[in-house]
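Chemist: Residue numbers (numbering that gives the first Met the number 0), protein chains in the order written: chain A, 0 to 316; chain B, 0 to 316; chain C, 0 to 316; chain D, 0 to 316.
Hints in this document: simulated from the structure, not taken from any laboratory.
All of these numbers come straight from a predicted model, not from anything done at the bench.
Fair warning: there could be bad hints in the mix.
Where chains are identical, the list cannot tell them apart; a pair therefore holds if satisfied intra-copy or between any two copies.
To be verified - Straight-line alpha carbon distances no greater than 25 Å define the calculated SDA-like cross-link-like pairs of lysine to any residue that follow:
no. : residue 1 : residue 2
1   : Lys59     : Ile128
2   : Lys234    : Ile246
3   : Lys234    : Glu276
4   : Lys155    : Thr55
5   : Lys294    : Asp199
6   : Lys257    : Glu191
7   : Lys294    : Asp207
8   : Lys285    : Arg205
Number of protein chains: 4
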Amino acid sequence: MAIFANKRKPDTELGFGTKNYNGRVRFISSDGQVNVKRTGLSGIENIDIYHWLISTTLTKLFIVIFAGYIVINTLFALVYFWIGAEYFGGLTYTTSTDNFLALFFFSAQTLTTVGYGHIYPASTTTSTIAAIESLLGLLGFALATGVLYGRFSRPKAHLLYSRNVIIAPYMEMTGLMFRVANYKQYELIETEAQVILSIDNKETNRRDFLQLPLERSKINFLTLSWTIVHPIDDKSPVYGLSVQDLIDRDAEIIILIKGINDTQSQSVFSRFSYKAEEMLENVKFKPLSQFADAKGRLNIDVKEIHSVLPVQAVKIS
Amino acid sequence: MAIFANKRKPDTELGFGTKNYNGRVRFISSDGQVNVKRTGLSGIENIDIYHWLISTTLTKLFIVIFAGYIVINTLFALVYFWIGAEYFGGLTYTTSTDNFLALFFFSAQTLTTVGYGHIYPASTTTSTIAAIESLLGLLGFALATGVLYGRFSRPKAHLLYSRNVIIAPYMEMTGLMFRVANYKQYELIETEAQVILSIDNKETNRRDFLQLPLERSKINFLTLSWTIVHPIDDKSPVYGLSVQDLIDRDAEIIILIKGINDTQSQSVFSRFSYKAEEMLENVKFKPLSQFADAKGRLNIDVKEIHSVLPVQAVKIS
Amino acid sequence: MAIFANKRKPDTELGFGTKNYNGRVRFISSDGQVNVKRTGLSGIENIDIYHWLISTTLTKLFIVIFAGYIVINTLFALVYFWIGAEYFGGLTYTTSTDNFLALFFFSAQTLTTVGYGHIYPASTTTSTIAAIESLLGLLGFALATGVLYGRFSRPKAHLLYSRNVIIAPYMEMTGLMFRVANYKQYELIETEAQVILSIDNKETNRRDFLQLPLERSKINFLTLSWTIVHPIDDKSPVYGLSVQDLIDRDAEIIILIKGINDTQSQSVFSRFSYKAEEMLENVKFKPLSQFADAKGRLNIDVKEIHSVLPVQAVKIS
Amino acid sequence: MAIFANKRKPDTELGFGTKNYNGRVRFISSDGQVNVKRTGLSGIENIDIYHWLISTTLTKLFIVIFAGYIVINTLFALVYFWIGAEYFGGLTYTTSTDNFLALFFFSAQTLTTVGYGHIYPASTTTSTIAAIESLLGLLGFALATGVLYGRFSRPKAHLLYSRNVIIAPYMEMTGLMFRVANYKQYELIETEAQVILSIDNKETNRRDFLQLPLERSKINFLTLSWTIVHPIDDKSPVYGLSVQDLIDRDAEIIILIKGINDTQSQSVFSRFSYKAEEMLENVKFKPLSQFADAKGRLNIDVKEIHSVLPVQAVKIS
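So here's chain A without its partners, still in its complex pose (with noise of 0.2 Å):
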């Protein structure tokens, strides 16, 4: 769908279009991906390798490098085997099996360039396969180098949203809000938050994304937590909706964080969003306990962003 299709607000653009969906929909996924699929180009071209192997699960990056490692000695030892055990130093195994296994075993010691030497190459052919294989050997360990560094260094920001979205009082009236923490011992600069409200519109039957203007958007540190309101004032967006009310159209709260990772001087970026479901009424956010120890520092525990307290609903009579 064409972006330009109707009039918004310019500082809201999330390239989502317009459209309405028949099911519900979540634009922004619980681990902060944007739920979109792209497809239609051939072959791995929609596919982004590096981005793959930067951004897996430790777990799936070895498995993938011990198959991969499996599969690449199985086709050399079959090449070896094939040409021949007898042109190979070394290799004194009287049964095919034996000689395979020995092979096998040869190219893993000639791909990772161990090389202990009992067993060798002692044809041109032989050596020049087995040249190859470490030739080959080097350059995917150069490969397995820049992943591991690139998924190492690249810039993350680690934080940790409260569990729900709040409606709670905020100065004399209310405000939507929610708090966010740097989980990890590193500091996180220049900070600055955008807060989006995805909803369907009855009257156009569209899918609107609106700017929810915040009481502070950038803070120069986040150190402790950061409690981000979005007071509900008249121009409020979802001024006079009900809880019931948002889940009713829909609404999603979408938030953009960005700011500077420290230890590496980069930006970085956060994604997350709570759907109406998530937003509870009532409470207010319970202040962290913090406390200074022993050494003048101060300790906090980033699990307390979670914690809500009830509060009495006001009702103006």
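Add chains B, C and D to chain A, keeping to what the hints say.
Modeler: Positioned in the frame of chain A, the structure of chains B, C and D alone reads:
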């Protein structure tokens, strides 16, 4: 040509000068490269080897690595052979050819540090050369690691541009528009576009570079597709010009897009250009078919951004 | 503590909350670290291993690498020994201790891929373990390469701060000032400073964080030294306060400096703080002795930024 | 010297202070380095080893690597020799010199992990030292990989500056101008220039640093060449001064250029300076000869940016 030669709008300086060429030129080639060749310095000073290594095709890179591997091993084999095969342990061949081949493979085993050891340097001279070769091997491999990592981690935008730029109805008037989509699975955020018209000025006989104002020049996310629109109002430089007029003036629509690749948290740049011959009239873009799949994930087929539908040419009688 | 709890100036949010602690606290420790410890998540989730590896001392890093090397080799040696020394070729020792030690060194030769080969795995099981160990060795080494590169290439500011912050004559009035110098040979460009006063508010019994306006907050180059000055006019939060008053209020002067390291073309950040106890009155900074040497190069001794000269205390009678 | 010592324009603070030196000085040396030497800290604290490794010449770097390789191997050979050649397998030489040389090469084979194995450590002590050496070899190689990658990937601008800064006719008046061109094949985008005049102030006997306003200070692309012009109107600090006046005042034109290298998507910085002696009058720049080749590619010869043509000196009678 000096850039200041005549006054232009401060936001539209592409640095191409204002000279008019005899033939037709294309300032941005189809793969987004700026179509300029710079010469004049001696030797390799006009060439950026790192730039070449990280931007050439993988096939060419592997050919260079493989050819270099053969050349270096041949050179070292010649040195070893010239010193004498008798200064190597384990070398039991009787013909020169066999000795040379064995020394070639010994060289490969030294360069890759696989070092089986069935052949080994047995004199001071041959040991010295082998010690140098293994150091060179490590350094060469260090370079290869850097190049492969540089290629993989290089910030890139993967944008698909619609095949044509079209003149289509827009709001109450017409617009010059094209579509872009990110065809990979990562997100491109804070994306900005700039569109510049390069056109022959029949009056001054010079080439003008004119910024085309956009209906929206920045979006937060490039999730689905983005239709970039220049509204053709009476202040537009293309107002009143037909597609044939633009062809006659050798017009080129130059597009500069800047965004942030969120896997790498780095700015990426994309360039593209349409020649007037690639412009279509009396069509409009067909909306992308997008649907939420069973997992609530929005699906799009990026190839659909090329699709256009015919529209009745609007005539004001 | 929620950050929004009371209204503050939008440009001074350090995220420390406004709680007053019983003891004296220091928000920025002497090495520029933010003095906060975050806990609450299970296991290693509060720890950023990469952050630790690239920011710990070189000595600690080498101890970790060396200890890891011994532990891994011991583990593999135990496995090899448990399988049986008789499944290795070249192992001719007669005592268990000698066999274990030989297997420990075989493990080291496999992990580092040096693979002399005088001892080699001679059964399927031992060959398999050795093949896994050499793969692990390569991956571990890939990690070490990444960590060492990450450490070396990490963008850092190397700023020396004057030992004291001083209250000195400035123009026609007084100023709160300190000096910084870059003590390395690269250049720090587009350098910006921000100075924040953290002070107990005796009226609200809370802690205030107040931006101190600077006479100049940005310089193009930090070539020699930079005296950063907060002019103490009647709008300054320290106007009318003595050094003793500041000590009584547990005042801390927090400094945030941002610049671009021009070797790496990357933004770098420096933090520092002075407690009120480190403040001097009735002194002024001694100008740095700078001279052009025979090559026309300006020479400075960065240690001189600490030097102060006594001044007659100005009294308005 | 304190930077705030006298009031200056906020956009022209180079951090050089305002001291006047007896001899003639050059603030930016011909290779763009800031001409400052910083001392005062003990040991290597004033030196940034990584900075040196990635910015020194390739020749010096290879000499350092090669010398280090020889030194480390000699040290380990001495240790091995001191322990005793009899604790090595395969060492069959009879003279001390031959044994020492063989141990030197054994050390090289261990450090590079080539490990042929015709000589191998046969005691616990020698095996331990060899295990340490191979670990050191891997770590040293990891460092070399990082340094070579850091050099290659270091963001750089490759700008050629015209040999002279000239005073030439510009529009209806005159301008101070010079030309720059990117001589590599990548593109430099969003390029900004700043030009600063450093000049002796005869009245205050101090050195002034004055920003020279430019006709255009930013261009989108630096494709062909860029003539940077300071129009000499009656507000210009050089208005009414002859070249000889500028020489008498030891004037230096300091140029700071910032852009984005689009291969690496990173900001790059270039510095240059002209002394008044390098200024030419009564000339103008010869336009670059640029032509479209058979492939429609624009060709320029970057060396032509040096070329000037004589002009009739304009005299107002």
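Chemist: All hints are to be evaluated individually against the structure, with a verdict given for each.
Modeler: Hint-by-hint comparison with the structure:
1. Lys59 <-> Ile128: between (30 Å within a copy, 21 Å between copies)
2. Lys234 <-> Ile246: within (20 Å within a copy, 46 Å between copies)
3. Lys234 <-> Glu276: For Lys234 and Glu276, only the intra-copy Cα distance (23 Å) is at most 25 Å; the inter-copy one is 49 Å.
4. Lys155 <-> Thr55: Intra 14 Å, inter 19 Å, cutoff 25 Å: intra and inter.
5. Lys294 <-> Asp199: between (52 Å within a copy, 20 Å between copies)
6. Lys257 <-> Glu191: both (5 Å within a copy, 17 Å between copies)
7. Lys294 <-> Asp207: Intra 51 Å, inter 22 Å, cutoff 25 Å: inter-copy only.
8. Lys285 <-> Arg205: Result: close only across copies, 18 Å inter versus 37 Å intra.
The structure fails none of the hints (numbered hints given earlier).
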